[in-house]
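A.B. asks: Below, each chain spelled out in residue letters.
Number of protein chains: 2
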Amino acid sequence: MKKATSWTYKISIIMCLMIASTKSYALSDQDLTQIQMLKETALSSNLAYEIDESLTTEVGARRVGTVNDKRAVDWATAKMKQLGFDKVWTEEVTHIKWIRGTVEAKIISPYPQNMVAIALGGSVGTPKDGIKADVVEFENFAALEAAAPNSLKGKIAFISFRMERKIDGSGYEPAVKSRGDGPSMAASKGAIALLIRSVGTDDNRVAHTGGLSYQDGIAKIPAAALSNPDADMLQRQVARGAAVKVFLKLTAERKDETPVITANVIGEITGSESPDDYVVIGAHLDSWDVGTGAVDDGIGVAVTLAAAHHIANLKERPKRSLRVILFAAEEVGLVGAKQYVMDNKDHMDRHIIGAEWDFGTGLIYEMEPGVGPSALNTIRELAELLAPLGVSLNPKNTAKGDSDMSALGNAGMPAVNFSPDGLQYFDYHHTENDTLDKVDPEALKQNTAVFTIFSYFATQSDVDFRK
Amino acid sequence: MKKATSWTYKISIIMCLMIASTKSYALSDQDLTQIQMLKETALSSNLAYEIDESLTTEVGARRVGTVNDKRAVDWATAKMKQLGFDKVWTEEVTHIKWIRGTVEAKIISPYPQNMVAIALGGSVGTPKDGIKADVVEFENFAALEAAAPNSLKGKIAFISFRMERKIDGSGYEPAVKSRGDGPSMAASKGAIALLIRSVGTDDNRVAHTGGLSYQDGIAKIPAAALSNPDADMLQRQVARGAAVKVFLKLTAERKDETPVITANVIGEITGSESPDDYVVIGAHLDSWDVGTGAVDDGIGVAVTLAAAHHIANLKERPKRSLRVILFAAEEVGLVGAKQYVMDNKDHMDRHIIGAEWDFGTGLIYEMEPGVGPSALNTIRELAELLAPLGVSLNPKNTAKGDSDMSALGNAGMPAVNFSPDGLQYFDYHHTENDTLDKVDPEALKQNTAVFTIFSYFATQSDVDFRK
Numbered sequence: 004m005k006k007a008t009s010w011t012y013k014i015s016i017i018m019c020l021m022i023a024s025t026k027s028y029a030l031s032d033q034d035l036t037q038i039q040m041l042k043e044t045a046l047s048s049n050l051a052y053e054i055d056e057s058l059t060t061e062v063g064a065r066r067v068g069t070v071n072d073k074r075a076v077d078w079a080t081a082k083m084k085q086l087g088f089d090k091v092w093t094e095e096v097t098h099i100k101w102i103r104g105t106v107e108a109k110i111i112s113p114y115p116q117n118m119v120a121i122a123l124g125g126s127v128g129t130p131k132d133g134i135k136a137d138v139v140e141f142e143n144f145a146a147l148e149a150a151a152p153n154s155l156k157g158k159i160a161f162i163s164f165r166m167e168r169k170i171d172g173s174g175y176e177p178a179v180k181s182r183g184d185g186p187s188m189a190a191s192k193g194a195i196a197l198l199i200r201s202v203g204t205d206d207n208r209v210a211h212t213g214g215l216s217y218q219d220g221i222a223k224i225p226a227a228a229l230s231n232p233d234a235d236m237l238q239r240q241v242a243r244g245a246a247v248k249v250f251l252k253l254t255a256e257r258k259d260e261t262p263v264i265t266a267n268v269i270g271e272i273t274g275s276e277s278p279d280d281y282v283v284i285g286a287h288l289d290s291w292d293v294g295t296g297a298v299d300d301g302i303g304v305a306v307t308l309a310a311a312h313h314i315a316n317l318k319e320r321p322k323r324s325l326r327v328i329l330f331a332a333e334e335v336g337l338v339g340a341k342q343y344v345m346d347n348k349d350h351m352d353r354h355i356i357g358a359e360w361d362f363g364t365g366l367i368y369e370m371e372p373g374v375g376p377s378a379l380n381t382i383r384e385l386a387e388l389l390a391p392l393g394v395s396l397n398p399k400n401t402a403k404g405d406s407d408m409s410a411l412g413n414a415g416m417p418a419v420n421f422s423p424d425g426l427q428y429f430d431y432h433h434t435e436n437d438t439l440d441k442v443d444p445e446a447l448k449q450n451t452a453v454f455t456i457f458s459y460f461a462t463q464s465d466v467d468f469r470k
Numbered sequence: 004m005k006k007a008t009s010w011t012y013k014i015s016i017i018m019c020l021m022i023a024s025t026k027s028y029a030l031s032d033q034d035l036t037q038i039q040m041l042k043e044t045a046l047s048s049n050l051a052y053e054i055d056e057s058l059t060t061e062v063g064a065r066r067v068g069t070v071n072d073k074r075a076v077d078w079a080t081a082k083m084k085q086l087g088f089d090k091v092w093t094e095e096v097t098h099i100k101w102i103r104g105t106v107e108a109k110i111i112s113p114y115p116q117n118m119v120a121i122a123l124g125g126s127v128g129t130p131k132d133g134i135k136a137d138v139v140e141f142e143n144f145a146a147l148e149a150a151a152p153n154s155l156k157g158k159i160a161f162i163s164f165r166m167e168r169k170i171d172g173s174g175y176e177p178a179v180k181s182r183g184d185g186p187s188m189a190a191s192k193g194a195i196a197l198l199i200r201s202v203g204t205d206d207n208r209v210a211h212t213g214g215l216s217y218q219d220g221i222a223k224i225p226a227a228a229l230s231n232p233d234a235d236m237l238q239r240q241v242a243r244g245a246a247v248k249v250f251l252k253l254t255a256e257r258k259d260e261t262p263v264i265t266a267n268v269i270g271e272i273t274g275s276e277s278p279d280d281y282v283v284i285g286a287h288l289d290s291w292d293v294g295t296g297a298v299d300d301g302i303g304v305a306v307t308l309a310a311a312h313h314i315a316n317l318k319e320r321p322k323r324s325l326r327v328i329l330f331a332a333e334e335v336g337l338v339g340a341k342q343y344v345m346d347n348k349d350h351m352d353r354h355i356i357g358a359e360w361d362f363g364t365g366l367i368y369e370m371e372p373g374v375g376p377s378a379l380n381t382i383r384e385l386a387e388l389l390a391p392l393g394v395s396l397n398p399k400n401t402a403k404g405d406s407d408m409s410a411l412g413n414a415g416m417p418a419v420n421f422s423p424d425g426l427q428y429f430d431y432h433h434t435e436n437d438t439l440d441k442v443d444p445e446a447l448k449q450n451t452a453v454f455t456i457f458s459y460f461a462t463q464s465d466v467d468f469r470k
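Line by line, the protein sequences give chains U and E. The first sequence begins at 4 in the numbering used here and counts up by one. The second sequence begins at 4 in the numbering used here and counts up by one.
Bound conformation, chain U alone:
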């Protein structure tokens, strides 16, 4: 990183001079100098790592509706005040209660073996003595979908599809369909439970949780994910040809009638000229209840707070306001983000542009905008500022905002999506292994530099990114 920094510094100076030589750009010479200084600050500061260390150590896992979720809201509120935000407030978010309970999964025959499994988020439990049934394996969701009606009566469906490791995380989408839509699809064929291979790229005996989505009008069946080595084991036993009987017991409980209350936590650096125009950067504050959420989305929380702090530390406020939104209840379906859009619908058009950070742990290598055609030139200027950090411009211009920010993007807000090296991300995602040791302090510095530059650039310019 050191080498890159000194090299990028020289390039930046040259670029500064080049930009300074014309007048048709979004930012002034002074602003561009400011950006170089902000970049140096971000690249040399350990603040983002310290924030994540604080969150992971002092709060830890913070699933929506748990005691720790409330502790996280208090932590975030206090942290924002400490970091120099001008305004800090919360906006209430509600969700339904879910109790994870315990899980027991084992092969009974032909060869008894314990399996490491985890309930999918939102799953119902099994009957209290568990269930014993033969397993029917499907190589992917499409194969399950193609099964004849009633063909799984009394059986446990098992989708053995393995997620592929790809730098852009694009292996996730084809795999996660089994988790989201698998339970209702299996139930529609008569299955009494669903097991899936974890949606993850690791080979640890640690299973990956994540939300499921029951379809209305179809029986809700219990659903759990097996760790990759356990899915291998189950496949090996199935491949031997004899019937494979599994015992599964989940004590999970859905309390669809019991609301839980949490909150989006919002901090603002108030703009000096257009305080009612908002540039937003965000991440989600909630996590799953396994691991400590140091990566998902402790990294996003840390990077966005640190970026805002570096801007708050400047002598003068930028022209527009910068909002950091730490969204509630992302893991259960962008609930906090949708609530934010509802709560802020009257001034959604004053949300100038936004970016989410919810895909640590690597270096950002690409930026894709989703802006109006005439704002693309401005984005190119931003891209030139980010290029020395290793960030290239994807000119497709179809971004709608990542993760929570997609709710704001769908409500008309222009967005920028940043893509990092995601090769390791799905080793830890939604597992006990999402802990601080997986966070790379050097990558956080680069991430923070990118978000700091983006934030300053967008708050200090007066470009309308919708146009």
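Since the hints were made in silico from the structure, they are not lab data. All values reported here derive from a predicted model rather than from experimental measurement. Among the hints, a few may not be true.
[What the hints assert, rightly or not] In silico contact screen, one side only, chain E against chain U (beta carbon under 10 Å); selected entries: (1) Thr60; (2) Asn71; (3) Arg74; (4) Asp77; (5) Thr80; (6) Asn117; (7) Arg243; (8) Gly294; (9) Glu435.
Think of the CB as a built atom: it goes at the ideal place given N, C-alpha and C, for glycine as much as any other residue.
Let chain U serve as the given structure and place chain E on it in line with the hints.
C.D. replies: Chain E alone, transformed into the frame defined by chain U:
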């Protein structure tokens, strides 16, 4: 591997010719040709992997005294018969009963966090409601040893020493002292329980078990290992300065008066000229009760059985007998190996030389003998045969036999120790992660080739390795 094979093949032929040009060598030209053919067979056969796949899938974890331990003995007996051994028998081994029970470990204050922990093998349980006590951290065993008498009264001692990753596994010894001797040392200072950082090199939220050794006359206190990320967490909380209180509940039970019965499983390829002279290769059949023992010591079981099978498949039996000993109860203190020495004491002097394989998962890069001075020249011949496989000779000549084989080595048997690349080994050792996906089929081929060559060389020569 392919590239290495064809290259090694050419070298081997040249070496063959060189060796064939004199008469003072241990093996005949025909034997050396046989060895080249055995090597090619081992390098192209998937048998060792198939054996390990069978053991891990059809038996799985097999801690001494469990139902699965008995299943493993049956599996091994049947497998040896199937693989063409001339004689297969078992020799009874007894040990005491231990029940793992469950573990619950969490930080209560200042910042509540769950911790992933595992009882050390042989640990007593806590009182049934668990214990709550402040933690006192020690950076290593020596620091605990230096603590004043009674200074830990009512406390939980915590040794945070982290094992180093080294190719030869030499990080293990300085770390494992905390596991073996830590409980009694902590108790001698008044502690009511011991927590150690797992003896392992990974960063998974998966804790490493392994045996402890209570000292006579000192109170037996419960002892557990934390996963590396949890040990990090506990250290971070301790580093903040306030008292850190931990809840620990183990339901483990020692049944010192209740014997459990298991067996060494022994297979023999009977020698054609000196059937009562034994070359022995070995591994241990038992495992811990976490993971499936695919690595520890499924790899050793697979490699030694496959090596013997390749020799059993030859048209003629070698001169001396080859014994494969699959030892019982290694994990609890070489119990099966010590029993073997007692059971075979009358003909221990007919045990010509032995080698154990209990340190998969990598390629073997070194061999160290422990033989009489005049046998060293013969070992050099063996080394020349192994060199093309990447195995160099460590001429120190101090080997006493690895693992179980050390019991036979201490009883006077010459030995050869093979050292593999052990960089990954302690990521999986004694954890749930010891599963088949950690086994490298290509490394198994090389390992099997080494053991096949060693076995044929020693059974077909008439050198006295004691001299």
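A.B. asks: Give a verdict on every hint.
C.D. replies: Structure-based check of each hint:
{"no.": "1", "hint": "Thr60", "result": "5 Å, holds"}
{"no.": "2", "hint": "Asn71", "result": "8 Å, holds"}
{"no.": "3", "hint": "Arg74", "result": "9 Å, holds"}
{"no.": "4", "hint": "Asp77", "result": "13 Å, violated"}
{"no.": "5", "hint": "Thr80", "result": "17 Å, violated"}
{"no.": "6", "hint": "Asn117", "result": "8 Å, holds"}
{"no.": "7", "hint": "Arg243", "result": "8 Å, holds"}
{"no.": "8", "hint": "Gly294", "result": "7 Å, holds"}
{"no.": "9", "hint": "Glu435", "result": "4 Å, holds"}
Of the hints listed earlier, those the structure fails to meet are numbers 4, 5, in rising order.
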